[in-house]
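Trainee: Listed below are the residues making up each chain.
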Amino acid sequence: MTQTAHRAHPTPAMYWGIALFLAVVTALEVAVPYIPALDPVRVPLLLIMAVIKFGTVVAFFMHLRYDKKLYRTLFLFGVIGAIPLFLVVLLTMHAF
Amino acid sequence: MTSQTAPVEAQEHHDIRPIRKAAMWVFLGSEAMFFGSMIATFLLYRNNTADGPGSEIFDIPFTSASSFVLLMSSLTMVLAHNAFEKRDGRGTRIWLAATALLGITFLAGQIYEFTEFVDKGLTLSTSSFGSSFYMLTGFHGAHVAIGIVMLLAMFFLSLEGRLHEERGLNVELVGLYWHFVDIVWIVIFTVVYLLQA
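So the protein lines, in turn, are chains A and B. Heads up: the first sequence begins at 5 in the numbering used here, then just goes up one per residue. Heads up: the second sequence begins at 30 in the numbering used here, then just goes up one per residue.
Worth double-checking, as some hints may not be accurate.
[To be verified] Under the rule of at most 20 Å between Cα atoms (straight-line distance), these lysine to any residue pairs were calculated in the SDA-like manner:
{"hint": "1", "chain 1": "A", "residue 1": "K73", "chain 2": "B", "residue 2": "P47"}
{"hint": "2", "chain 1": "B", "residue 1": "K149", "chain 2": "A", "residue 2": "A12"}
{"hint": "3", "chain 1": "B", "residue 1": "K50", "chain 2": "A", "residue 2": "W20"}
{"hint": "4", "chain 1": "B", "residue 1": "K149", "chain 2": "B", "residue 2": "G167"}
{"hint": "5", "chain 1": "A", "residue 1": "K73", "chain 2": "B", "residue 2": "K50"}
{"hint": "6", "chain 1": "B", "residue 1": "K115", "chain 2": "B", "residue 2": "E194"}
{"hint": "7", "chain 1": "B", "residue 1": "K50", "chain 2": "A", "residue 2": "L78"}
{"hint": "8", "chain 1": "B", "residue 1": "K115", "chain 2": "A", "residue 2": "H13"}
{"hint": "9", "chain 1": "B", "residue 1": "K115", "chain 2": "A", "residue 2": "W20"}
{"hint": "10", "chain 1": "A", "residue 1": "K73", "chain 2": "B", "residue 2": "K149"}
{"hint": "11", "chain 1": "B", "residue 1": "K149", "chain 2": "B", "residue 2": "E194"}
[Unchecked claim] Among chain A residues calculated to face chain B with C-beta under 10 Å, some are:
{"hint": "12", "residue": "T30"}
{"hint": "13", "residue": "A41"}
{"hint": "14", "residue": "V45"}
{"hint": "15", "residue": "F58"}
{"hint": "16", "residue": "V62"}
{"hint": "17", "residue": "L78"}
{"hint": "18", "residue": "G82"}
Source of the hints: derived by calculation from the structure; they are not laboratory data. Note that CB positions come from ideal geometry on N, CA and C, so glycine has one too.
Given only the sequences and the hints, what does the whole structure look like? Please build it.
Mentor: Now the structure itself:
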């Protein structure tokens, strides 16, 4: 397998299934702030669900799971680079 | 031997689609940094309301509906790309139009939300919270508006039979841009709205 080899993209039926999954996660996200019992874990829970949605769209709708590794590297360089950079800035400025 | 390999080499030499796609991913990576800085700025000033309105004016059910609309536009976008790859012109146009319509619905919702917030006293100059909120969500809205223009351009190019994957705007690159706008909203919806609720 070369780096340029592609795996087959999902079918339209799979895209609908992925969209249904995203809709369910969104519904759960919206429900979390209204459930007092979940208050202690609200922040990590919402962040985890956002990461799941983000990853699902990038992997399946943007086809990053199926495309060249080069594209993944280029994109993740920006995304993963941004997180520690701005976290350091926010911690330095006592934002939390 | 040379005569057999030359056309293949020439074809590979002229196929710049992988380069354009790589350039788009670099652009999206830089956009992630851009929106990252705006989200960081909002987090920094989220409590600096200067006695003006803060996150309590957010209408979570309304924004949730807008978020759902934008999320579903990613589905219609990927279906447009799928139809385009199958050389299904009609299907491509239907899904492109659906994506543009969902994008316009999202933008209309954002404009309505902004007017509501202004009525409640939150403007760009009310506080650092207001400035960072409007800058972040406004820039995202501007990205959605640019995406809608590109979607409509592709729709009309397709109608005229001038939508080609090899040159100019193509469905895949615009699709990547559109999905990126969606994932940025996934982060904004969680960090700006749900976590502050």
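Trainee: For which of the previously enumerated hints does the structure constitute a violation, in increasing order of number?
Mentor: When the structure is compared with the hints, numbers 2, 3, 10, 11, 13 and 14 turn out to be violated.
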